[in-house]
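> In case you want the letters, here they are:
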Amino acid sequence: MQFDVLVIGGGHAGCEAALCTARLGLKTLLITGSLDRIAAMSCNPAIGGVGKGHLVKEIDALGGEMPKIADLTGIHFRTLNASRGPAVQATRCQSDMERYRRRMTEVVFKTPNLSLRQDDVVGLLSEAAQITGVVTKHSGEIRACSVIVTTGTFLGGQLHLGHEKMPGGRAGEAPSSGLSYSLSQLGLELGRLKTGTCPRLDARTIDYSELEEQQPDSPAPMFAFESIEPVLKQVSCHITYTNTNTHHVIQEAIQSGRAPLYNGQIAGAGPRYCPSIEDKVTRFAQKESHLIFLEPQGLDTYEVYPNGLSTSLPPAVQIDFLRSMKGLSRVEVTRWGYAVEYDFVQPTQLHPTLETKNISGLFCAGQINGTTGYEEAAIQGLMAGLNAAAKLKHQEPVILGRHQAYAGVLIDDLVTLGTEEPYRMFTSRAEHRLVLREDNVYARLAPIGAKTGLLPQKRFEAMQAFEELALKDSQSRRFQIEQKYAGYLSRIQKELRDQVELDACVIPEHVFETQTPGLSNEVFEKLRKHRPRTLGQAARISGITPAAQSLILVAIKRAERHA
Amino acid sequence: MRDTICALATPPGQSALAVIRVSGPEALSIKSQIFIPKLGPQKHFVATRGDVLDLDDALCTSFPENKSFTGEPSFELSLHGSPVIIKRVLESLQAFGVRGAKPGEFSLRAFLSGKIDLCEAEAICDLIHARSEQAAQAALRNLKGGLSDYLEPTRIALIDALCEIEARLDFPDEDLGTLPCQALADKIQGCLDKLQKLLRSAQLGKRLIEGARVVLLGLPNAGKSTLLNALLGEEKALVHDTPGTTRDVIEANWVLNGMPLVLVDIAGIRDDVSLDPVERLGIEKAKRELDKADLILWLEEPGQEKLEMPRLVAPVIKVATKGDLYPDSQGLSAKTGQGLPKLKQQITQILLGDQFDFGEVMLTKIRQKEEVSKAHECLLEAKEALLRGEPDEVLAFELRSAGNALDRLLGKSLNEEVLDLIFSRFCIGK
Chain A
158 MQFDVLVIGG
168 GHAGCEAALC
178 TARLGLKTLL
188 ITGSLDRIAA
198 MSCNPAIGGV
208 GKGHLVKEID
218 ALGGEMPKIA
228 DLTGIHFRTL
238 NASRGPAVQA
248 TRCQSDMERY
258 RRRMTEVVFK
268 TPNLSLRQDD
278 VVGLLSEAAQ
288 ITGVVTKHSG
298 EIRACSVIVT
308 TGTFLGGQLH
318 LGHEKMPGGR
328 AGEAPSSGLS
338 YSLSQLGLEL
348 GRLKTGTCPR
358 LDARTIDYSE
368 LEEQQPDSPA
378 PMFAFESIEP
388 VLKQVSCHIT
398 YTNTNTHHVI
408 QEAIQSGRAP
418 LYNGQIAGAG
428 PRYCPSIEDK
438 VTRFAQKESH
448 LIFLEPQGLD
458 TYEVYPNGLS
468 TSLPPAVQID
478 FLRSMKGLSR
488 VEVTRWGYAV
498 EYDFVQPTQL
508 HPTLETKNIS
518 GLFCAGQING
528 TTGYEEAAIQ
538 GLMAGLNAAA
548 KLKHQEPVIL
558 GRHQAYAGVL
568 IDDLVTLGTE
578 EPYRMFTSRA
588 EHRLVLREDN
598 VYARLAPIGA
608 KTGLLPQKRF
618 EAMQAFEELA
628 LKDSQSRRFQ
638 IEQKYAGYLS
648 RIQKELRDQV
658 ELDACVIPEH
668 VFETQTPGLS
678 NEVFEKLRKH
688 RPRTLGQAAR
698 ISGITPAAQS
708 LILVAIKRAE
718 RHA
Chain B
4 MRDTICALAT
14 PPGQSALAVI
24 RVSGPEALSI
34 KSQIFIPKLG
44 PQKHFVATRG
54 DVLDLDDALC
64 TSFPENKSFT
74 GEPSFELSLH
84 GSPVIIKRVL
94 ESLQAFGVRG
104 AKPGEFSLRA
114 FLSGKIDLCE
124 AEAICDLIHA
134 RSEQAAQAAL
144 RNLKGGLSDY
154 LEPTRIALID
164 ALCEIEARLD
174 FPDEDLGTLP
184 CQALADKIQG
194 CLDKLQKLLR
204 SAQLGKRLIE
214 GARVVLLGLP
224 NAGKSTLLNA
234 LLGEEKALVH
244 DTPGTTRDVI
254 EANWVLNGMP
264 LVLVDIAGIR
274 DDVSLDPVER
284 LGIEKAKREL
294 DKADLILWLE
304 EPGQEKLEMP
314 RLVAPVIKVA
324 TKGDLYPDSQ
334 GLSAKTGQGL
344 PKLKQQITQI
354 LLGDQFDFGE
364 VMLTKIRQKE
374 EVSKAHECLL
384 EAKEALLRGE
394 PDEVLAFELR
404 SAGNALDRLL
414 GKSLNEEVLD
424 LIFSRFCIGK
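If you're matching them up, the sequences are chains A and B in order. Taking the working numbering, the leading residue of the first sequence gets 158, the next gets one more, and so forth. Taking the working numbering, the leading residue of the second sequence gets 4, the next gets one more, and so forth.
Since the hints were made in silico from the structure, they are not lab data. Please read these numbers as outputs of a predicted model, since none were measured by experiment. Glycine residues also receive a C-beta, built at the ideal position from the N, C-alpha and C atoms. Watch out, some of these pointers could steer you wrong.
Straight-line alpha carbon distances no greater than 20 Å define the calculated PhoX-like cross-link-like pairs of lysine-lysine that follow [what the hints assert, rightly or not]:
no.: 1; chain 1: A; residue 1: K651; chain 2: B; residue 2: K295
no.: 2; chain 1: A; residue 1: K651; chain 2: B; residue 2: K377
no.: 3; chain 1: B; residue 1: K90; chain 2: B; residue 2: K295
no.: 4; chain 1: A; residue 1: K629; chain 2: A; residue 2: K184
no.: 5; chain 1: A; residue 1: K641; chain 2: A; residue 2: K629
no.: 6; chain 1: B; residue 1: K372; chain 2: B; residue 2: K197
no.: 7; chain 1: A; residue 1: K608; chain 2: A; residue 2: K550
no.: 8; chain 1: B; residue 1: K386; chain 2: A; residue 2: K641
no.: 9; chain 1: B; residue 1: K321; chain 2: B; residue 2: K290
Each pair of labels, with its calculated beta carbon distance range [unchecked claim]:
no.: 10; chain 1: B; residue 1: D6; chain 2: A; residue 2: S699; range: 41 to 47 Å
no.: 11; chain 1: A; residue 1: V657; chain 2: B; residue 2: Q206; range: 42 to 48 Å
no.: 12; chain 1: B; residue 1: Q206; chain 2: A; residue 2: Q637; range: 42 to 48 Å
no.: 13; chain 1: B; residue 1: N69; chain 2: A; residue 2: P376; range: 53 to 59 Å
no.: 14; chain 1: B; residue 1: Q206; chain 2: A; residue 2: A442; range: 46 to 52 Å
no.: 15; chain 1: B; residue 1: G43; chain 2: A; residue 2: V657; range: 38 to 44 Å
no.: 16; chain 1: A; residue 1: E284; chain 2: B; residue 2: P156; range: 57 to 63 Å
no.: 17; chain 1: B; residue 1: L56; chain 2: A; residue 2: S677; range: 55 to 61 Å
no.: 18; chain 1: B; residue 1: A98; chain 2: A; residue 2: V657; range: 26 to 32 Å
Derived coverage of chain B by chain A (criterion: at least 3 residues anywhere in the stretch with Cβ under 8 Å from a Cβ of chain A; other residues may be distant) [unchecked claim]:
no.: 19; segment: 20 to 28
no.: 20; segment: 328 to 338
With the rest of the complex left out, here is chain B (with noise of 0.2 Å):
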């Protein structure tokens, strides 16, 4: 009857280990196919070991019906507690149809199916407590000041729009004139315009959560793991000058001018076929990470053979590299140093943009993303509906749909509201 939710169960951010927690009918059905057991088949209750698509080496405690925390099939996965993992094994788990779940949702289920006693309720309480403190130091600047002063003359707009349709439908035989049309489709895309810009800070919003990644690419022995150190200023990489050294992707965490950036250092592409197993499959990897970049740097030594240009989504910046060995290359030595402050100063400017302000409202939570899209996408319908000529009672279901959307976002209720609205314009009554 309900639909499968997750959440993060842990506190955000970096951690040892993170708890992802799913419930919901399909959760079983979910878990086996996001869920490789390495040592043999999982049992209910009995952490079992494998992999988490091809995300992350974990541990998966499945429970069946009647016997979860929230008396739904659900199951538990113990993340390594990354940002990153964490994001995108709940993106994978909503490519299945999972659903990011609201909050106190799963005690909610856990008292539906009378499955919470008075100790789990009470620690309950205490998780309440602390959510509600995590929510008044990272959320609260967002929702009480900034996302609810950004999205009100969204909610008013779309409260006048109901109130010319709703006006209509309740007071027919009131001489209330036309609906205006074309009024109200440049109301609607005004809000679509708001929110479309509230849903690209999302973007950026979980950059700034949870980090950006930052792949290094180049042929083999371009110095990328050099780089990497040198960015870090750590010996994190394994460096030698045998080229195919880095086979294995390497995830380092950085903070770059107050921003969080995962830097991933991947094996060196190249296409040979007298490669070993090993690295043929090292490229692989390499290649499905340039997918998952938020930006790649591309590292070429100069006078050597060119990279053959893969097909890139992520934004790029070439780098020059062993500039220590070409004076003349005006390239960047991880050796001397040189370079590196403009190499940064590119990279913030290309991921935070240039006119990037702290203090301007975005979306940081899924959940937030979530209702956003969701009244994005009633909006779309509703302006649809009105070109198509829909019955205004369709017209009104959508921008309704919208405005509730926005105030689960903002915990306020529309109805009154838009009573209140149609009783001061219209003079109506009988």
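Chain A on its own, in the form it takes in the complex (with noise of 0.2 Å):
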């Protein structure tokens, strides 16, 4: 069997990587572990908000599915930040988590070139530092040209659930174990993260009358251009608060040792801006009340999210704390909170494309990058499957620009500096943010989708004709918001000139194998580590000074004399 791309997992990232190739003409084969679960909601059931509705609106714009699933399974709309500037306004919904899943199945099935097998991969082939293919566990090798690695949570997956462990990478599904191995052998070096999950409530034994109500907006804000209305039936979430009690049960079991995540069972970084309850009581003692979102996971199910209720606590804790809040006092919980942890390819040894730079044909895409959240995924795999498919066909690679969009940050930023936690998308993350919104995103990249063939011609051209009749008129809510950011819009200009024309400015590999004559030791460490590819890129390492810039720009130009 040969195919062009292989693409190994059926996650957020894995499905945008395969479509996008499948679309693009090439063969493709979707490798997973369970066809059952491709574009799963692992963790909560919502998609968007603040710096990731924008990357959900990116996806539309170069023609990639999550908006529009999305938009069909939503079943509670909003815009966060509605208070603020439109800069900082974002989508975000709640999803019927089964519904996504089956629309995305449905779809990745139907998709003419794409493949689809349940099986486990088990190691990699390649030959002369070129991807060859793969080694299934049941289905013998598969060789194709170009291989995406979207294996999320499971490479190499731990789950702990009190002082249970146990090999995993979701609940109840095995984790990827030969892989891990087979990337080291390629040179690649892994890290280790940790996230963790909510328990899940029985929706019928919380009493809701206690609650505050948070209703969804109406009219809806959408993630995909033709969105009009919400398809499915809209719902609200309810909101409820820790208390001391809360917090007195959670720090009497970590004193008594009972906790994963500080009696040393858990080694892995997690993330900061998504800590466990554990570590709200614990470093945030003094704060007496934390708000839980209370989320439905969908119209067909019982099943309630508590946002803001991560944990690994043994699961009579568990109910302990949860029963001690407002309006949870008779709860029942259907599935136990736990933390996962898992190994990760350090970014910094990625491309832009996302291809690594030791393996020809070897894409990483998604929480294998460091990431965290179905956004980030999502469109990493977009931005891999575009990438893969336009180096099979010897096109020019697709490399965004921080001020292009969301996605060129978030690259950036991993390929440039790595992580040493899961990686979020924040808009602070952006330092052209006022330029970068959910409201241009059609102008600033529908015309990159058109380009790549992924946003078909048809889809391109009404993008293209709203924009123009949108900006014609003095009325329209864009015109409106080009007009308000005016000043500030010219000032960035002037400043990403310069910029755009560091970032187009390659450093060859021998700037990183033999020290350039005047640069100091400390510069040469951090370029070795990094490796920017760009004089863009190492000036935003911190500690590569101008006076070092320099000097690697005489090195770059050596470099080119003896080309």
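Using the hints, put the two standalone chains together into the complex.
Listed below in structure tokens is the structure:
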């Protein structure tokens, strides 16, 4: 069997990657451990949010799938930051998790050029630093020109629930074990990260009459260009709070050594912005109460996701602290919260195309690159797919600038700086935030989407027509936003000009091999560690001084002379 | 596309010649406004003699696009190597919208236009070394110890303010409370004050590096040239009893208590219709000097008619001259040296101030001053935005721009620090 592209993993990154290459006419195979779990939402039942909503819109402008499915399966849409300026306003929706999974599975199955196979990949095949295929547990060797690895939390996955430890990528699913070894064999350095999830609650045992209701926005803000209004019934979320009793239960459990996060059982670094409730109670001991959103997981289920209560405490403790909270005194748990530790590939080992620097044709996307979040995963899957296709078709790589897209900021941060904790998108990571807005996403990215061929011509033309009309109409929101920020945008444009030139200046390999005369050891070590691709990237690494940049520039020129 | 930049291409300080280089799209049109050739029209690549405004008699070489070091239209001025002339030419260029170049920026532009070859690249390499050597001596104390120590609290206050805003922008669903506007305004004001103080030091810093201009003013024959010679300890200016002997402006470098000064002797100012045209021109020139002075020594001969007080910006020291002729006047005598130490003390006191401490941080480079001014401007905007109730992302934009300017000065990076602070301060996470 020979494929153009092979995608390992059927999560949010894997789906976008496989759909992308198949739609671009490449013979694609998606291999996943369970065909019943394609595009499963392992954590919270929501898509979008500040920074993340921006990413989903970008996926739309580039021709990806997530925004469409999110719109079709959303049960509660809101604009976050509605009281603030348009640059930081962002769309978020609660999803019917099961419908989301089914819809995406259906699209994946119905896409031409895309085959599916339920199997485990246990090894990678390569010849002379070029990927040639994979070894599977049951189907033997499968050959492919490109391989995109999107294994999420499954790589060497280890679950923690109280004292219990078990191998697993997600509750009830086996981890991928042979692949980590195979990646290391190919020279990729792996790190270890940790993340957690919340217990799930039975809605029938929650007393909603005691709780604050949060209604969806009307009209509903949506993700995809064509979407007008939600298809499904819209429901509310509810809000409750932890209290001193809740905190007392948790602190006692930590002190008696029953918290894996605190008794040494979990070593991996967790995300600071998504701390477990154990962490919150310990690190912010002075805070007497934390906000908890009770989010419905779907229309056909009674399961509720208590957002803000990620934990790996033993089940007995979980039920105790839950029942101490308002509205939850009789609550029953349907699934226990747990933590998962997993391997990731330090993303500084990737090109900005998400191809590994070591092995030609091997791409990594999503949580394996140290990110967290469905949206971050999906956009990486899409970008890896676009670049795998570009490479096979001998076309220009698709690399987005930091001034063009949050996707550009995300990938540039990853491949330039690497990460020590699960990386999540924030608008504060984008230095040109006022330029990267949801409202101008089609102007920013639709031309690129159309050029790659992934955004169908018809959709592109519709987006363009809409843009043209909106920018001519002084009453349109789009027009007014441009006006509102005009002064700032022109200041940013001025700053950008220098940056774009620096980003076009590629650093040759030898700069990392032999120390350029004049460079300090410290700077040289930094360069070797990060291996920036361009002078612009180098400038963003702290400690690479302007003088060092000038020296690198001389080295670049010298290399060109010898070439 | 790019803007136009300028910099001194030769080492700072006194030298026989000094070269100022200007490059960018506007370079040639600016050149034609500040440089007037004396001997026929200017041709590219040919050094042409002429006047740089009224500042210097110099050589200018112009280069068209694609045929210059940077690849951009550019020109070079070979000036007399006086720090004063250099400073004033650079200031004039800035008045035309030319920006002071960042370190290595000419090389960067040359590279980006594909203009440097290997030999030149090596030469630049040397140049960069030379620069960092000088930086080690001249600016290191400032940049490493002083300036960054001085600015660090300001940076932290900025990061702190940003943290408050960014946390609320990125985590709208957390219960972080409302933005503490008053505390923010106070914090911004604190930063403004510190930057303002630093900007004021730029004047002193420049004086220390480039020399303060001390102008001798008085009626003809008040003894200005005599005093100049006495202060210098040499016969620099021609002295004669005839009123109006000094017609041109005479400049002399002088070091007083470790501080470099430029003593400027000008024509005696008198208003008399019978004056010959040359002296009249000299007086015109003298009046222009008064506007540029850092300090004016006002000389009066006791018992003689008084000079009508012109409008002066710079501080003034009144000096009664010819003390040997008028023993009762307690005046200064250049001949006997009577009163000279007192005058020197007065000059030092006025130019350096009472509590001046040479160890204090100051801005000595135009680039430093530009970045600090930029930060200051952005913070002013931020304060305005806060008062006007502009949306938070606009406030954040100004604070970030200010932070970026300081980071460029100190070589640091803002983003991670803001995020670190958010997560250590606020309990965030769902």
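> Is it true that the C-beta distance of E284 (chain A) to P156 (chain B) lies inside 57 to 63 Å, as the hint says?
holds, 58 Å
> Starting from K629 (chain A), check that the Cα of K184 (chain A) is at most 20 Å away, please.
Measuring from Cα to Cα gives roughly 43 Å; hence the hint is violated.
> For K641 (chain A) and K629 (chain A), compute the direct alpha-carbon distance and say whether it is at most 20 Å.
holds, 15 Å
> Cβ-Cβ distance between Q206 (chain B) and A442 (chain A): within 46 to 52 Å?
Between Q206 (chain B) and A442 (chain A), where Cβ atoms are some 51 Å apart, the hint holds.
> Should the hint that D6 (chain B) and S699 (chain A) are 41 to 47 Å apart at their CB atoms be regarded as holding?
Violated, since D6 (chain B) and S699 (chain A) (Cβ atoms, about 26 Å apart) do not stay within the stated range.
> Are the Cα positions of K386 (chain B) and K641 (chain A) separated by 20 Å at most?
Holds - the C-alpha atoms of K641 (chain A) and K386 (chain B) are around 19 Å apart, at most 20 Å.
> For the hint 53 to 59 Å, verify it against the beta carbon of N69 (chain B) and that of P376 (chain A).
Check passed, 56 Å falls within 53 to 59 Å.
> For a C-alpha distance cap of 20 Å, please report whether K372 (chain B) and K197 (chain B) respect it.
Holds, at about 13 Å.
> Hinted pair, alpha-carbon criterion (20 Å max): K651 (chain A), K377 (chain B). Please report holds or violated.
This hinted pair holds, its Cα atoms lying about 14 Å apart.
> Using a Cβ cutoff of 8 Å, are there at least 3 residues of the segment 20 to 28 of chain B near chain A, or does the coverage claim fail?
violated (count 0)
> Using the Cβ atoms, figure out if V657 (chain A) sits within 42 to 48 Å of Q206 (chain B).
violated, 37 Å
> Does the beta carbon distance between Q206 (chain B) and Q637 (chain A) stay inside 42 to 48 Å, or does it fall outside?
holds, 44 Å
Violated hints, listed in ascending order, are 1, 4, 10, 11, 17, 19, 20; each of the other numbered hints is respected by the structure.
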